[in-house]
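Protein chains in written order, with the working numbering: chain A, 1 to 155; chain B, 1 to 174.
These aren't lab readings, by the way, just hints derived from the structure by calculation. Certain hints may be false.
[Unchecked claim] Just so you have them, the derived chain A footprint on chain B, three or more residues with Cβ under 8 Å:
1) 23 to 29
2) 51 to 59
3) 151 to 162
Note that the coordinates shown come from a computational prediction; the quantities given were computed from them, not determined experimentally. Quick reminder that beta carbons are idealized off the backbone N, C-alpha and C, glycines included.
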Amino acid sequence: MRIATSKKIHYDSGPNLTPLVDIVMVLLIFLMLVGKFTAQDAYVRSNLPLRQQGAGGATPPPGGFPQEDPLEINLDSPTPDRFVARVGQYKAESAAELNGVFRKLGEDRVAAGKTLEETQVVISPGRNVKYKFLIEVYAAANTAGFRKIGFSTAR
Amino acid sequence: MRRRVLPIAHVSHPNLTPLIDVVMCLVIFFMLVAKIGVTTGADPTIEVPVSTLGSQLQSFANTLTLNVREKPALDEPLVTALVDPAGGQTQELRVADASGKNQLLEVLRRLRFGRDGRPGGTGVNADNDEFSVIIRGDKEMGYRFLEPVLIACAEAQVKNIIYQTRVKTEVVER
């Protein structure tokens, strides 16, 4: 009679990992579908000009409110899909022309001994000018180095 | 004669440990990168303008996101915002209702100056100088719809106004 001994070979297979992998895969698919990457939105902070009059309640800076008239940009839309920006003797009807105009304005300011950071810019749009054109003009002014930019009431 | 038997087959399963390591890394990555459950009340149906300017906002604390678009058939803006985050519902803020009240201005004043809506005060009436407004406007709306919102922000003495835009991505055409 053969007696079974303890010399049988045991193969330790370890715990079954298949359910764990299933759960982790489900979690991964859930996060891939539900999550949203954050790189698509950009936030443009405004730095409003200071004036003696008007609402806002700003405290005057150490040197007092700027007395110089701000740089006013008149923005109109002759047709719904285009804009015309006029400032002084300059005129721009596209983003590229805007950048050129603001560059020239910047040079004029610097030549007159003023800095761009202290120059106050007010965009004066027509009632029907589209919001996307306002942002375009705002971005062009900011890119050129003007920092204090605001909007006036609609014309 | 000794019977010969087939040898016992010992099939070894594939080693799943590296697979679990990689999948765990991916899960942790998506948990950190994804924004789940964070709502600012932004209306996803509004198409914001594109801009090359702008930066990421690290924190939405102490901000109010205003969704601004044209109101169909009326010459006034449709402004909605998540005024009460606990409620989870955005509400419309009229710039001029039937009685002439400006709901938007009232809400902005309350958030800016505390419960009493007036400058000064302590406790629940304390002023909130760092309060910011994020304007999420439809790119095709006219300025006449944005103007009342900016006027309300100015009257409420909101010092920080942030315009939400989309990042411009260059497409190279060949």
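Do the hints match the structure? See the list:
Judged by the Cβ-Cβ criterion of 8 Å, the region 23 to 29 of chain B is covered by chain A as claimed, because 4 of its residues qualify and three suffice. Using a Cβ-Cβ cut-off of 8 Å, 7 residues of the region 51 to 59 of chain B lie near chain A, which meets the minimum of three, so the contact claim holds. Coverage of the region 151 to 162 of chain B by chain A holds. Counting CB-CB distances below 8 Å, 8 residues qualify, and the rule asks for three or more.
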